[in-house]
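> Chains A and B supply the protein sequences, listed in that same order.
So the first sequence is numbered by our numbering: it starts at 1 and just counts up by one.
So the second sequence is numbered by our numbering: it starts at 1 and just counts up by one.
It is possible that part of the hints are untrue.
[To be verified] Just a few of them, taken from the derived set where beta-carbon distance is under 8 Å, the chain B residues facing chain A:
hint, residue
1, S55
2, T57
3, E77
4, P83
5, L88
6, R91
7, R95
8, E96
9, W100
[Unchecked claim] In silico lysine to any residue, SDA-like type, Cα no more than 25 Å apart, as pairs:
hint, chain 1, residue 1, chain 2, residue 2
10, A, K274, B, R126
11, A, K18, B, S132
12, A, K274, B, L18
13, B, K133, B, T172
14, A, K274, B, T172
15, B, K133, A, Y193
16, A, K18, B, E96
17, A, K274, A, R98
18, A, K274, B, D67
19, B, K133, B, Q167
20, A, K274, B, S132
21, A, K274, A, K18
22, A, K274, B, A124
23, B, K133, A, R16
24, B, K133, B, D106
25, A, K274, B, G85
26, A, K274, B, G16
27, A, K18, B, G130
28, B, K133, A, S279
29, A, K18, B, A124
30, B, K268, B, R218
31, A, K18, B, S69
[As the list claims (entries may be wrong)] Between beta-carbon pairs, the in silico distance windows are:
hint, chain 1, residue 1, chain 2, residue 2, range
32, B, D198, A, V268, 40 to 48 Å
33, B, S60, A, D201, 53 to 61 Å
34, B, D122, A, F188, 54 to 62 Å
35, A, I37, B, P14, 28 to 36 Å
36, B, A171, A, S167, 37 to 45 Å
37, A, F176, B, D213, 31 to 39 Å
38, B, R10, A, E207, 25 to 33 Å
39, B, R126, A, F176, 54 to 62 Å
40, B, S26, A, D277, 36 to 44 Å
Because the hints were derived from the structure by calculation, they are not lab data.
Values in this document were obtained by computation on a predicted structure and should not be read as measured data.
Heads up, the beta-carbon is just placed ideally off N, CA and C, and yes, glycines get one too.
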Amino acid sequence: MSALDVARKDFLDARRSKIVWLAVTIYAGFVGFFMFIQRSQVRFHDTAREGVVSVLAGVATIGSLLIPVVALVVAYLAIAGERETGSIAFLLGLPNTRRDVVVGKFVSRSAVMVLGVIFASLVVAASLLALYPVFPVGTYLVAMGVMALYAVIYVAIAIGISASVASKARAAAAGFGVYVTLNVFTLFVSAGYLVRRLHVDVFGFAEAPMLYRFVSQLLPSEALFQITRTIDVDIAAGSLPPADAPFYVQPEFAPVVLCAWIVAPLAVGYMRFKSADLS
Amino acid sequence: MVPIEVSGLRKAYPGGVLAVDDLSFSVDEGEIFGFLGPNGAGKSTTINILLGYVSPTAGSATVLGQDVSGEFAPTRERIGVLPDGYSLYDRLTAREHLEWVIRTKDAADDPDAILERVGIVDAADRRAGGFSKGMCQRLAFGMALVGDPDLLVLDEPSSGLDPTGVQELRATIQDLAADGTTVFFSSHVLSEVEAVCDRVAIMSGGRLVALDDIETLRDDLEQSSRIRLALESVPESITAELSQLPVVEAVVLEGAELRVDCHDAAAKVDVVRHVDERATVADIVSEPASMEELFNQYTGDVPVGGGSGGGGGGSGGSDESGRCGSSDATDDDGTADGRQSSTEVSV
């Protein structure tokens, strides 16, 4: 299992990196701060439970913006950095295949991120116990589990980028571009809206709301919200698709989308890394 | 099994750079094979192909019986690699580096024994980020020794080592070869290849320009020799006339001194006789050409000025920079971007 050897060594290396822990700590700090200031919001809800659930959904919203940054920082140099400095010659001078390298790096950096999310989750749990009237265990576990999955997605994207390019600068540029496209740009314009303009105005087709909805929900952050909406009845009102809508716009489909976001970047990165000349 | 067999190898990079052109050679089991050439001759590209880092444009390379374009990774269990222009993992200690290699190779070595062998056992628990170039090179060599490989590929192994380090390296290489390990040893410094290698291949401009055992190259050398004649007056067209002689390889006129390279020692007499008929010879100095000049002759790098004896190649490992490590896989403290990765430096 060479991929595990790669992962084990890389995890040792990454966990000694200050920037990795700085990023993880900043995220946990933000979450803790949010939990602290939101405790006064609970009383505006019908029941305490609804209020707490709503705060947990807010934690997920913060995560949807912060986790990508943390994950990209933690993983964007995993392979491109080794190519630029030349330590890849050791990695691939050993009986490791390039697939072992991609998989191993993905596993170790995911482990770092999942540990980071667990750390943040402990902060949330501690805040719930100390500052909030109820602890909705089920909702808490779903929200934190989804956060971990979301973190792993961005590790996969970062590893895919890192495997595709030969230098640190390009990895950084591509990572920034991906973040802006997937997480900043979509705050202002949804993907579905763009497709609708194209579909109706340019090609002159009839309106297809389910298509637009589907496209919008293909983004990792939207797929994440699909799941958090199912736990938070308040904010879900009106934003969930009708029960007779196609399966691919239902919240149950979101995990499929999220998993595709793990597989696709890794596959693209691996294909490019496999045929790359490393010199 | 032939440890290394290369046939018709060719590598063209985008932009029309032909790094390796129609290269063929094979390395015999148990020999120390020297791979020589100036920087930019295509040595590193060839080694990168042999290790599977770079795929060839045409031709084939087989290492330990396995085509490098196929499922090559398992074969690397029997190969020890000391790359050139590498960096270590700054945040891992010397022992952790070795433990990782031992685990990945499924070897049973003791990390401390290897550190002892390469002379850095005192630094076992220090992180490689603080190592000097020489210590990095020793650790990298130690990593190559893990698992008692059948084939050692050493790319510029003495770079960064002090003279003692170079001697220890040579001794270790000779010990290993005596035990049956095949050693592929690349260098741009002729003297160090000369000291350990059984056979030598010389590359220049992407092509193989010589491939022979070191003894034959030495014989060539003895036969090729140089004579220096101090003249009282220099007749016109003497250099042109001398170049016409079939035994003469090269003629250089510097002031009143004529330097003539001959194919063999006996030809010197012909040269003296020829010159004596046309000018008054004040002094005659006869000297064997150095190995460096032979090398330069093969690589088409004719020494200019500089005079007699060893050319500019220098000997032993020249140091390149103080450090070898560089923050790699995670951008620590933001310093990594500004730092240059250590790649080949030209001489």
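> Report holds or violated for the interface hint on W100 (chain B), using the least CB-CB distance to chain A and a cut-off of 8 Å.
holds (4 Å)
> For K274 (chain A) and D67 (chain B), compute the direct alpha-carbon distance and say whether it is at most 25 Å.
holds (16 Å)
> Does the CB of R95 (chain B) sit less than 8 Å away from some CB of chain A?
violated (12 Å)
> Was the hint right that R91 (chain B) lines chain A, CB cutoff 8 Å?
holds (4 Å)
> Is the Cα-Cα distance between K268 (chain B) and R218 (chain B) 25 Å or less?
holds (19 Å)
> Does E77 (chain B) meet its interface restraint, that is, does its C-beta lie within less than 8 Å of any C-beta in chain A?
The hint holds - E77 (chain B) has a Cβ within 8 Å of chain A, the shortest such distance being about 5 Å.
> A range of 31 to 39 Å was offered for this pair. Does it hold for the Cβ distance of F176 (chain A) and D213 (chain B)?
violated (56 Å)
> Is the hinted pair K274 (chain A) and R98 (chain A) satisfied, with a Cα-Cα distance of at most 25 Å?
Roughly 6 Å between the alpha carbons, so the hint for K274 (chain A) and R98 (chain A) holds.
> Quick one, is the L88 (chain B) hint okay against chain A at 8 Å, beta carbons?
holds (6 Å)
> Return the status of the interface hint for S55 (chain B): holds when the least beta-carbon distance to chain A is below 8 Å, violated otherwise.
It holds, given that the least Cβ distance between S55 (chain B) and chain A is near 7 Å, below 8 Å.
> Between D122 (chain B) and F188 (chain A), does the C-beta distance stay in 54 to 62 Å?
holds (59 Å)
> Does R16 (chain A) lie within 25 Å of K133 (chain B) when you go C-alpha to C-alpha?
Distance ~22 Å between K133 (chain B) and R16 (chain A) Cα, so the pair holds.
Taken one by one, the earlier hints fail for this structure at numbers 2, 7, 10, 14, 15, 20, 21, 22, 24, 31, 35, 37, 38, 39, 40, listed in ascending order.
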